[in-house]
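> Next come the chains, spelled out residue by residue.
4 protein chains.
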Amino acid sequence: MMIKVSIVGATGYTGGELLRLLLRHPHVSVVHVTSETSAGKPISSIHKFLKGQLDLLCEKVDLESIAKDSDVVFVGLPHGAAAQTGAALYKLGVKVIDLSADFRLEDLPTIKAWYGEHPAPDVLKKAVYGLPERYREKIRKAKLVANPGCYATTSILAGLPLMAKHLLGKGPIIVDAKSGITGAGRKLENMYLYSESNESIQAYALKGHRHQPEILQEWKAVGGTASELIFVPQLVPMQRGIFAVLYAPLKKKTNAEELQKLYAHYYAKEPFVTVLAPYESPEVKAVAYTNYCQIGVSVDPSGMYAIVIATLDNLVKGASGQAIQNMNLMCGLDETVGLR
Amino acid sequence: MMIKVSIVGATGYTGGELLRLLLRHPHVSVVHVTSETSAGKPISSIHKFLKGQLDLLCEKVDLESIAKDSDVVFVGLPHGAAAQTGAALYKLGVKVIDLSADFRLEDLPTIKAWYGEHPAPDVLKKAVYGLPERYREKIRKAKLVANPGCYATTSILAGLPLMAKHLLGKGPIIVDAKSGITGAGRKLENMYLYSESNESIQAYALKGHRHQPEILQEWKAVGGTASELIFVPQLVPMQRGIFAVLYAPLKKKTNAEELQKLYAHYYAKEPFVTVLAPYESPEVKAVAYTNYCQIGVSVDPSGMYAIVIATLDNLVKGASGQAIQNMNLMCGLDETVGLR
Amino acid sequence: MMIKVSIVGATGYTGGELLRLLLRHPHVSVVHVTSETSAGKPISSIHKFLKGQLDLLCEKVDLESIAKDSDVVFVGLPHGAAAQTGAALYKLGVKVIDLSADFRLEDLPTIKAWYGEHPAPDVLKKAVYGLPERYREKIRKAKLVANPGCYATTSILAGLPLMAKHLLGKGPIIVDAKSGITGAGRKLENMYLYSESNESIQAYALKGHRHQPEILQEWKAVGGTASELIFVPQLVPMQRGIFAVLYAPLKKKTNAEELQKLYAHYYAKEPFVTVLAPYESPEVKAVAYTNYCQIGVSVDPSGMYAIVIATLDNLVKGASGQAIQNMNLMCGLDETVGLR
Amino acid sequence: MMIKVSIVGATGYTGGELLRLLLRHPHVSVVHVTSETSAGKPISSIHKFLKGQLDLLCEKVDLESIAKDSDVVFVGLPHGAAAQTGAALYKLGVKVIDLSADFRLEDLPTIKAWYGEHPAPDVLKKAVYGLPERYREKIRKAKLVANPGCYATTSILAGLPLMAKHLLGKGPIIVDAKSGITGAGRKLENMYLYSESNESIQAYALKGHRHQPEILQEWKAVGGTASELIFVPQLVPMQRGIFAVLYAPLKKKTNAEELQKLYAHYYAKEPFVTVLAPYESPEVKAVAYTNYCQIGVSVDPSGMYAIVIATLDNLVKGASGQAIQNMNLMCGLDETVGLR
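Protein chains in written order, with this note's numbering: chain A, 35 to 374; chain B, 35 to 374; chain C, 35 to 374; chain D, 35 to 374.
Among the hints, a few may not be true.
In this list, chains with the same sequence are indistinguishable; a pair is considered to hold if it fits within one copy or across any two.
[What the hints assert, rightly or not] Think about it this way: if two alpha-carbon atoms lie no more than 27 Å apart in a straight line, the pair counts; the simulated BS3-like pairs of lysine-lysine are: (1) Lys221 to Lys82; (2) Lys175 to Lys295; (3) Lys75 to Lys295; (4) Lys241 to Lys295; (5) Lys82 to Lys94; (6) Lys241 to Lys287; (7) Lys159 to Lys303.
I should point out that these hints are in silico values taken from the structure, not numbers from a laboratory.
This one's a predicted model, so the numbers in the text were calculated from it and none came from an experiment.
The following block holds chain A by itself, in its conformation from the complex:
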């Protein structure tokens, strides 16, 4: 079986990572890659690791022929454009995995507050949130999957067992989240220059970050009662990786061993979530270039606060790897194919 795959908007970092992973996938052939600004150029002139491996030229978008030639289309466009394109492709009957935020939120007023009016609310209803750890069965049948954000995947996975098991005490949950620089995409902005971000750390979005509603939506969906999420994203000088520390008040006193057991049990059957020993810290290095999320569980000395650390590669489990995991599910394959 071969799945014919296209990527609309293939020149960004998530596009490059999709291609890196798809070339290894035993059941995929890539048929179209599009780029408005690089149409006509070989995709290997943008993602240079492709030289000698993939000979496709970037094309201008032609949704009809893409839909006709493909089984699955990954949409790697900026917010807004992604909604338009994703909706159009969905209506053309092809399976769509959108890597933007455009189909992730369900609540229209929330969407409006953070992103403005949604351009395709009818199609939005058909979208499934592409977190296999939660929606595996729905994803198998989905025609349109909203691939989760990298900060959101990390934070949601760090918090899910607390929410699902109703362990939360009163007070806000804090997520102090560090991201490698590819997390920002291939943007020509001053703060992403090597000479600005190397040997430095800075926080941003201190008045609020778009991933907050995404995280809260998924925590609530599993029974979470977090009144507030204080989310502080920070840029750290490394290529890849999200490293999130979640601080959560507990309803009753617990210890790290119990809590770790609960996490280990919750994720026992998950192929890509690994729960470490109590008080063990995960390391970005251990998950870089993999589709794994590693989670370390600690408790403060009073036993009333959980300290949960989760890490993953923002380009793999935080974007393109998870997108392929979703593709596998949508196409009836074992979800781990091409990802181990």
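Using the hints, position chains B, C and D against chain A.
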């Protein structure tokens, strides 16, 4: 006026940074540098930037001749050894600035719990905690100064105004603190290898970190009522810099503008503490290689949580720069000499 | 078909990279991993990315049982120890791929000059130099393969077409070679500490480097007449990658287009060597985490000097990836299996 | 004595570094800083380390008032614009130090070939090449100094003794030069993004680099007979630093000890050039944030090739530090003031 300075234990990173800064200082001459393992070698063969600048040889420690020849001695030894040496030098009548943790804590049971029995409790009583923002006048008269730790300086400065102004609500304070790799000193351990720490982040000391009592001691001294400090230190792939995010519950609703004003006022006369605009994040890059601490003040949407970010260079304001600031005070100089 | 594979000396960086790649290989199962210092510990406690993926414990070496249980053994020991172990395993009849330098050189006096007396000269004669671009057919039949060094692979591939086509003029060839820090292995030495090697470059082995005879041996084997190789290795602050610039005097005036054509033709059928456009520089980034070597060909303005730049990942094509390429050949598989 | 200093074009990295160094200088006050794009903003909002240290606003350029208010003006504009501004300021009678390439080359046809027609050839004749190691006396009297490039300073200093002592044999000199990313200035181009340049190396300008004529001009001026310079610049993932390896054929056989002695003697009185022991490699780390150039001298085994390694900080000795060294000379100060 020339101050004769010696460094006992000069081959570590703080020793190197002391020398870098002292060579620039208009009123200092360095007379002895000691090292047990490198005795006889030029100090410039250890700190290679000294080639062509400083011609001293490392000597074995001879406390009497050091005390005789020096006005001020910096002690850069490991914990335990520092207490012995610092106490002996103090008794020999020379001014001592100790960069270890050995004279920082006042409470003997706390010391015992974290470090074991203190070898010189009588001398300990004479020590002044070398944070000029708090103890400027005492430092001027001190014979023995305990130079604060880098994590502690950052965290204390981030929290002081909240404590002094009694703004704290109930619940623990969280400090999520990231350190560059020099923060660990020149240790030949696996986790400090380039290939281990580059492109990675990891937390450590998740069961408790020695800087916690130091931070709490100083917050309490100014009236702070923090019941608990959850302190999570993390290694980040950069050379220098501490970047600490403090999350503190507030007694009553406030906003970032008010809180920022309060911070700016509290530190208005401080030569090395800069308070940024509300919601502005400091950047490690802006303080690296300087003696400044930059502080950014934000408040969560509910107005009930302060988010205070502080950053400094662990080798300068977090160690050797602050030590020289203390030396300036102890010797009757303007505290900023050689540090701007 | 499943190949049973063991790794003797599995805790170094090449051992880790072997495991990363072998887990992806569709026809391999790993049966033994050994470590003297970590015997009894899970290999995933050393290479943390293995958590949840591979459950083996490190064992002490038992060559007989390893030979009995395995089709192929990778030897990842230090020089000297590798020769002993490799020879013993060879005599036990199992296929051996040695990643050290111990079986790379043919000439006994040269070996003696650089490494001392060879402990198993009889077995040495049976070894095949594991550079598939040169010895593909011999490797298919080999029982013992000496996997080339990372500097050597890069330099040899950069120079081979010049040598084979007899284009060399008089005078030494210069190879200015930069290596990422993993190139040095997992050594607890000062110069490999993050705080020493980050934000720095230094050259080393300025009196001569062990890879010189290896490079010259292979250049001569193809007809190269280089009288001398000036090889200057340098440590550069990155994780992975060799970036070698070769400067070679030419026998007659040429231009970059011709020379590039010649290189492209020479490597036309090679699955893992990519020749770029004339005057195009390769980038480490494009080959990191892959088994590819990219080569860029330029000529100086006079047309009398070739400037050939080659880059590869020292842990993949420069070590473990090439070892697996060799394993594929030795086992009758397509040499690219598991490496694309 | 206070020197009134202005900077035209102060928002780039060399502007920032000038300010960092000038603030430490005991005899300088900064009066104007200009920026077309940031006029009206505090300079500390661009160079954030200036917060709390320097309160100037960026101004639009007004050459007359700048000339009137200043003793010395540093010009930090792009090539072309710098020539215009530098010439105008020169004519207004103020001392000018230009950090661009516009006044570095003397030969008009060479200038035309690399940069196009020079806009002010009359003023060009008045310019002195600002390499104190060569032109100290001329600089003392100069009204217009062309501050050398960072690659050029490194390469020239590495080669000068060979040239001045007529040691060169036949054949091209090769300079393999690596630069940290700030060497490129604050340019919003793809290749300078963190995610592009981190964990990578690439060469550029393989058809020829603008610094070649600058280097050759200065080597010739001291009697050098280099027929050709093969110069290969490379970007390396670090903030600051040039690390150049020069390979030069020798007229007669020599050894490293002799050659090192010759270098040491040649630079014996230079305050900012340090010659290391034979076969010792300099390290970028040892010169970063200093105005020093460190040089290591080796010879190949045949004794017929010199291998000279030079390193400096591209923003200090390679730009702003050297500019201040020149300012000191032009103003009758000890040239090391503010730079140790």
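> Taking the hints in turn, state whether each one holds.
Each hint tested on the structure:
{"no.": "1", "hint": "Lys221 to Lys82", "verdict": "both (18 Å within a copy, 22 Å between copies)"}
{"no.": "2", "hint": "Lys175 to Lys295", "verdict": "neither (32 Å within a copy, 51 Å between copies)"}
{"no.": "3", "hint": "Lys75 to Lys295", "verdict": "between (52 Å within a copy, 21 Å between copies)"}
{"no.": "4", "hint": "Lys241 to Lys295", "verdict": "between (36 Å within a copy, 18 Å between copies)"}
{"no.": "5", "hint": "Lys82 to Lys94", "verdict": "within (20 Å within a copy, 42 Å between copies)"}
{"no.": "6", "hint": "Lys241 to Lys287", "verdict": "between (32 Å within a copy, 16 Å between copies)"}
{"no.": "7", "hint": "Lys159 to Lys303", "verdict": "neither (29 Å within a copy, 51 Å between copies)"}
When held up to the earlier numbered hints, the structure conflicts with 2 and 7 and fits the remainder.
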